[in-house]
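Student: The task is simple: from the sequences and hints, build the whole structure.
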Amino acid sequence: MEDLPTGYYLDNFKYLLDFVDEHYSNLLTKEELNYRRDFLSCSRDAQRLYVRLCGRRGPYFRVDKIFYDEIADLDAAIDTLRDKGFLWSPKDPDALALLSLLTKPDLLIAFPVMNKKLLRGDIEASILAQYSVSEVVNHLSLHIVEPLGHEVITVYRLLFFGNLHQDFSEFVLRDLGLSPFENYTMDSSARYFDDRAILDATLASYELEASCYEVLEEKNLETLIEFTDNCLHLQSVEEPRLQARFEKICNRVAREYERYKKDDLALKLYNRNDQASSLERQARIYAKQNKIDESVSICEAMYSAARTESEKEFSQNFARRLSKKHGLTLTWMPEIVPDDFSVLEIEINNDESLGVELLTSTWFQKQGSQSWYVENSLIPGIFGLYFWDIIFLSIKGVFFNPFQRGPADLFTPEFLHLRSVLIQQRLDSLRVDENFQNSVLSNYDSKMKLANYFVNWNWLDRELVILALERIPRNHFHELFKHLLSDLRHNCSGLPDLVVFPKTEGYLFSEVKGPGDKLQDSQKRWFKFFSTNNIPANIVSVSWRKVQY
DNA sequence: CGGTGTCCAG
DNA sequence: TTCACACCGTCAC
DNA sequence: GACGGTGTGTCTCTGGACACCGGA
Ligand SMILES: [Mn+2]
Ligand SMILES: [Mn+2]
1 MEDLPTGYYL DNFKYLLDFV DEHYSNLLTK EELNYRRDFL SCSRDAQRLY VRLCGRRGPY
61 FRVDKIFYDE IADLDAAIDT LRDKGFLWSP KDPDALALLS LLTKPDLLIA FPVMNKKLLR
121 GDIEASILAQ YSVSEVVNHL SLHIVEPLGH EVITVYRLLF FGNLHQDFSE FVLRDLGLSP
181 FENYTMDSSA RYFDDRAILD ATLASYELEA SCYEVLEEKN LETLIEFTDN CLHLQSVEEP
241 RLQARFEKIC NRVAREYERY KKDDLALKLY NRNDQASSLE RQARIYAKQN KIDESVSICE
301 AMYSAARTES EKEFSQNFAR RLSKKHGLTL TWMPEIVPDD FSVLEIEINN DESLGVELLT
361 STWFQKQGSQ SWYVENSLIP GIFGLYFWDI IFLSIKGVFF NPFQRGPADL FTPEFLHLRS
421 VLIQQRLDSL RVDENFQNSV LSNYDSKMKL ANYFVNWNWL DRELVILALE RIPRNHFHEL
481 FKHLLSDLRH NCSGLPDLVV FPKTEGYLFS EVKGPGDKLQ DSQKRWFKFF STNNIPANIV
541 SVSWRKVQY
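Just so we're aligned, residue 1 is where the first sequence starts under my numbering, counting upward by one.
Some clues are possibly wrong.
Stated by the list, open to error - Distance condition first, Cα-Cα at most 25 Å in a straight line; then the derived BS3-like pairs of lysine-lysine:
#  : residue 1 : residue 2
1  : K248      : K312
2  : K325      : K312
3  : K524      : K325
4  : K528      : K482
5  : K312      : K524
6  : K268      : K248
7  : K518      : K528
8  : K219      : K261
9  : K248      : K262
10 : K219      : K248
11 : K324      : K366
12 : K219      : K268
13 : K248      : K288
14 : K291      : K268
15 : K518      : K546
16 : K291      : K324
17 : K261      : K248
18 : K447      : K482
19 : K325      : K518
20 : K513      : K528
21 : K91       : K65
22 : K366      : K503
23 : K288      : K219
24 : K482      : K546
25 : K30       : K65
Hint data in this document are derived by calculation from the structure and do not stem from the laboratory. In this text the structure is predicted, and so the values were computed from the model without any measurement.
Tutor: Here you go:
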């Protein structure tokens with residue numbers, strides 16, 4: 001595998017800064033623009049040191065523990081960064097973070113009174129209880145530095161990636177060939193953000209998410225109420241993605257209120273949005289409070305405005321149970337179609353180390369079949385291969401950086417609308433396409449390892465793809481792909497554990513269920529789909545063979 | 001001293 | 001740190 | 001059977017260094 005050039009990390013950092021400067025400079029504040037200008041004016045050593053430190057946990061670093069061969073003059077680099085405001089030595093550092101700079105033996109030397117048998121965490125706690133922060137600082141007298149400007153880097157990163165979960169390691173993995181990306185064309189005007197207000201709101205929503213997480217960790221009702229009052233004000237955001245993110249946070253908090261039996265507080269938050277999870281919780285709460293009419297009317301509204309299969313399922317099932325219990329007749333409810341999935345009962349020896357799915361797969365192999373543990377990798381994977389060029393079609397604005405696993409509109413209705421003709425053609429041609437197998441396989445070979453939202457290369461053997469293409473009939477693929485396309489976001493999960501190929505012909509999807517496990521909702525939906533489309537699928541119900549001693 | 005987890009480089 | 005999945009305990013019917 | 005809570009792998013990968021911990 002090819003080595004990266006010395007200082008590769010600085011190249012990546014600068015690439016990102018320049019890219020953002022080129023595409024988004026009109027969105028940047030004076031401070032953010034100056035940040036880049038000042039950084040570029042630093043010496044190469046200083047730039048390298050800064051990027052190195054910012055890539056590490058920190059937040060503080062002992063100067064005597066900083067070792068980088070490629071940085072010639074460490075002290076000069078530190079001075080430069082300090083002068084330009086990229087680094088400082090904090091006067092009032094966090095004591096715990098300071099203690100973390102010492103190993104446990106060093107801690108015990110510095111604070112000899114401690115009982116050596118304690119765990120590290122207990123030692124730290126007891127030092128903090130015993131000494132004031134300034135005493136700890138003076139006592140250790142370490143020369144420490146802290147890189148500054150993380151917030152600015154965050155802005156640049158968000159503008160570049162369009163999210164905050166990707167980071168500089170993307171560059172490395174790509175350049176090492178470990179996780180390369182499709183070479184789609186980005187039109188030069190493509191931008192994820194157009195508006196500073198949206199950018200700021202997005203940054204705020206990431207912070208809100210983080211503080212929500214902390215608040216939930218605390219497990220304290222007062223904190224929760226305080227958080228609600230201070231941070232969850234009704235806000236109107238134009239950006240739908242942002243709105244959804246905000247509502248998700250509200251719903252998480254509301255769910256926590258339910259755990260405290262504060263249904264009224266929960267409802268107040270749930271009421272403000274119409275996300276599926278919110279509607280579902282509202283229906284449950286009203287039912288629990290014996291407000292049957294309210295609960296049923298939520299279900300009815302949910303049913304008639306259902307955006308996904310799962311909303312339809314839930315509203316129907318929940319209302320059905322309610323009506324049965326309270327003797328209501330609901331005109332809007334469709335006839336019940338009882339589930340009738342074929343079940344195969346088998347008995348095998350337990351082996352904790354392997355897991356029930358692999359054991360069942362082995363069982364099928366012992367019957368002379370071939371069997372793979374694929375879950376959601378096979379069908380979405382072949383879909384991703386067959387539709388590859390459509391997924392990565394350059395449509396204006398959907399590709400705005402080189403590290404995307406799919407177009408920006410992949411999970412919005414826009415995706416289908418803007419490509420409807422091509423998608424329809426591809427689906428139609430599937431039935432007669434002499435080339436279907438070849439085009440999937442040739443994409444498998446030519447796109448190998450390239451990141452695609454639907455293709456999980458690690459779980460998609462070439463051999464498996466070949467066999468699946470041979471054994472699964474065209475019209476089955478047609479229906480499977482149509483079903484995926486009907487809800488790309490939700491229908492890429494819930495597929496059965498195994499795909500089984502009997503010795504000579506045919507195939508079978510098999511969902512393995514150990515003792516005490518049952519079909520999940522998403523799995524049920526797939527099984528309904530299988531049964532209406534005559535796609536062979538069963539549930540393998542496993543029980544453990546009694547071991548004789 | 002071996003097992004485990006975390007950090008970090010590439 | 002999120003998501004998808006399995007597993008476990010409880011409760012009511 | 002319904003429901004809620006929890007645990008696990010895995011998130012894009014792999015290996016090395018190191019610290020910590022608990023038991024011999
Ligand atoms: Mn499974
Ligand atoms: Mn299963």
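Student: Against which earlier hints does the structure fall short, listed by number upward?
Tutor: 11, 24 and 25
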